[in-house]
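Colleague: The residues making up each chain are set out below.
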Amino acid sequence: MTAPDRTVLVLLDTPAEGLRSPARELLTLARSLGTVTAVALAEPSEATLAGLADQGAASVLVVDLPGDETVGAHLTPVAAEALAAAAEHRGADVVLLTSSFVNREIGALAARSLSAGYVYDASGVTVTEAGLVGVKRVFAGTWDVECAPTTSRSVFTLRSNAVVASSAPVPSAPAVERLAVQPTERATAAVLVSRTPHASAGETSGRPALDEAAYVVAGGRGTLGDFGPVEDLADALGAAVGATRDAVDEGWVGHDAQIGQTGVTIAPRVYVGAGISGAPHHRGGMQASSVIIAVNNDPDSPIFEIADFGVVGDLADVLPQAAQAVRAHKERAAQG
Amino acid sequence: MRIVVPVKHVPDIHSDRGLTPEGRVRRGAEDGTLNELDENAVEAALQIVEALDEAERATSEVVALTVGPVEADAALRKAFQIGVDSAVRLGDDALTGSDVFATATAVAAAVRTLDAQTPVDLVITGMAALDGLGSVVTSLVAAELGLPQLTLASRLSVEHGQVEIERDLDGVTEVLSAPTPAVVSVTDHVNTPRYPNFKLIMAARTKEITVLGLSDVGLAPEVVGAQAARATVVTSAPRPPRPDVELVTDKGEGGLALADYLIRNDLV
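Chain order of the listed sequences is P and L. Counting in our numbering, the first sequence runs from 49 upward without gaps. Counting in our numbering, the second sequence runs from 698 upward without gaps.
None of these hints come from the bench; they were simulated from the model. Fair warning: this is a prediction, and the values are worked out from it, not measured in the lab. Even for Gly, the Cβ is constructed at its ideal location relative to N, Cα and C. A portion of the hints provided could be inaccurate.
What the hints assert, rightly or not - Covered, in the sense of this in silico footprint (three residues per stretch, anywhere, with C-beta under 8 Å from a C-beta of chain L), are these stretches of chain P:
| # | segment |
| --- | --- |
| 1 | 100 to 113 |
| 2 | 231 to 244 |
Claimed, not checked - Incomplete in silico selection of chain P near chain L, CB under 10 Å:
| # | residue |
| --- | --- |
| 3 | 167 |
| 4 | 300 |
| 5 | 317 |
| 6 | 328 |
| 7 | 362 |
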C-alpha cells in the first residue's frame, strides 16, 4: 500500500564517497513511502549520484554550509539544523536516517525543531490507515513494539539489515538542487578541534563493516586475547569481527569492534559468539540476530540460553575446524 | 564549580523487563535501580571537583537530578552513596508518559531553576539509559538550554572555563571543545565508577532529597507527559522464546558439527 504523494527525505551518511548498504536500505524503504529526496551535507560523488539513480530518487538536495570543518556538518547540531531546513524547504512528510549514535541525535534535534514525531532505532516502517508506524525491538530484542507518530511530520532512524535493499524498477535521473543554510550560534558553540579517521579494520582486512555485515563472528574473554581463531572463521564465512566490551577494555581489539548496548547494535543473519558468556550488556547489542551460534567451554554460560546452536568446547579447537569445513564446503559448491 | 548530573531510575537489566498495557516501561520498585551508565557521569563530576584547589572545592557542588515518581528516589540514594552533595527530584503526575522531548523539557526546566539559585557550570549525563537506549535526551537538553553539547565523551577535561572531550564513533576519533556552561555526556569508557564506601552508604539513607513539582520549575502540565507525546505505542508484546538450543559437546568434532549446522540450514 504505497502513497506516492508523501515527500520523503533521506539523510545520506557518506555522500562524498558513495552509497553504502544502510543508505540503499533507507532509499528502498523511502521509495515505498513516497517521492524521495536525498539530503547531502557534502558534495555528492559520481558514485552517489549513480546510486541515487539506481534507487529511483527524484532529487538530491545538497546543503551548503559556510565556514570550515571545525564548525561544519560534522557538528551534530549543525547537521540537525541543515536537515530541518531541508525538510522545511521540501515540505517533507517523513525524514529517514540510519541509526548511529550521531544520527539519533541529529534526528532528535531535527524532529524537535520541526515539531515532528520521532521514532529511533526502528527495524521497519509500515503504512497503516492511521498513518506511519515504526516497528522496534526493545529490551535486548525480547519485546516487539510499534510506535506511531501522532504528528503530521515524522522522523525515523532505521537499524541496518532491517530492509532488503533493491534497485528501483525504473532508474531515475535525480535533479541536483542546492540549499544554503546558515547555522545558529548555538549550533557552533562547541567546535571540532580535530577529527582523526581510524585505520579502518575493513580497509586493512577486507572484512565487511560490523554494523552492516550479514555474518558476524565475535570473541570475548574466552579468547584469552588471541583473536586468530575468531578471524579465521570470520574470513571463511565472509564475516565481520566483533567483540565484547571486556575484550575491548583489555586492548585485544579496537573500540569499533565492540558489540553491545554501549557499542554497535547488530542484527546479522548469522552471529557466532566465541568465548562469550552472554552478559546482558553484550546481549543487548546482538540478541536481534536471526541465527545465534555460541562456542564456550562452560555449558552453563547464559549465551546458550539464547543460542540456536551451541558447541561446548575450546574455541581454539572448534573455530579453526569449523573454518576449514566451511571453506571445503564452499570450494565444493564452487566446483558444482 | 556547580555540576548537575541528571540520572534515571530504570529497571535492572538482569530483571524481567517489559511494557505496561499503555506501552510504558514497567517500573517496579524492587527491580528499579540507578541507570548503570549514570554512575560514570557521577564519577566524572566528582573527579572534576576533586581536581580543584581547596578554596574552589569548598564552594563546589555536585547535584544529582532525576525526573520521576517517588520510586526514583532510589536512584538518587545510590548517587548519594557514590558521593554527590545534593539531590533533586522533579516529580509530578502530569509527567507520566513523557517522551524524549518532554523529558528533555523537564530536565532543562529543573536545571534552569537550579541555575537561578546558583549558576550551573556543567550538566553531565551518562551516554544512554539502559531501558530506552536512545542517547538523545542529552542533546535535546542542550538545545532546550541553548548550551553547547559535547556528547559521548571517552575523555573529558575542564580547565579555565573550557571543556574538551574526545570521542570515538563510527571509525573516527573527534576532539570537541566549548566554553562552560555546557552539556556533556560520558561513555562507560571515560572512567571506572568508585564503589560506595560504608560511611556514604549509611549517610545516603537519611540525606535530604529536594522534591520539586512542575510549577516550581515554571512548566505547564500540558507541555509534558502523555498529553504532549508526539508518538504513541500502538502495540507491544514479548517475543516468543527461542526454541531450545541444539547443544553439542566437543569431543574432537565440534567444529565439524558447527559447520554442518550452517550447511544443513543453508546458511553458507
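Colleague: Hint by hint, say whether it matches the structure.
Modeller: Hint-by-hint comparison with the structure:
1. Beta-carbon proximity to chain L at under 8 Å applies to 0 residues in the segment 100 to 113 of chain P; the threshold of 3 is not reached and the given coverage is violated.
2. Interface restraint, the segment 231 to 244 of chain P with chain L: holds (9 residues with C-beta to C-beta distance below 8 Å; minimum three).
3. Hint on residue 167 of chain P holds. Least Cβ distance to chain L is approximately 6 Å, under the 10 Å limit.
4. A least Cβ separation of about 15 Å between residue 300 of chain P and chain L goes past the 10 Å threshold, and the interface hint is therefore violated.
5. Interface hint at residue 317 of chain P: satisfied, since its Cβ lies 7 Å from the closest Cβ of chain L, which is below the 10 Å cut-off.
6. This hint holds: residue 328 of chain P has a C-beta 4 Å from the nearest C-beta of chain L, less than the 10 Å allowed.
7. Checking residue 362 of chain P against chain L: minimum C-beta separation of about 7 Å stays under 10 Å; hint holds.
Hints 1 and 4, counting from the list given before, are not met by this structure.
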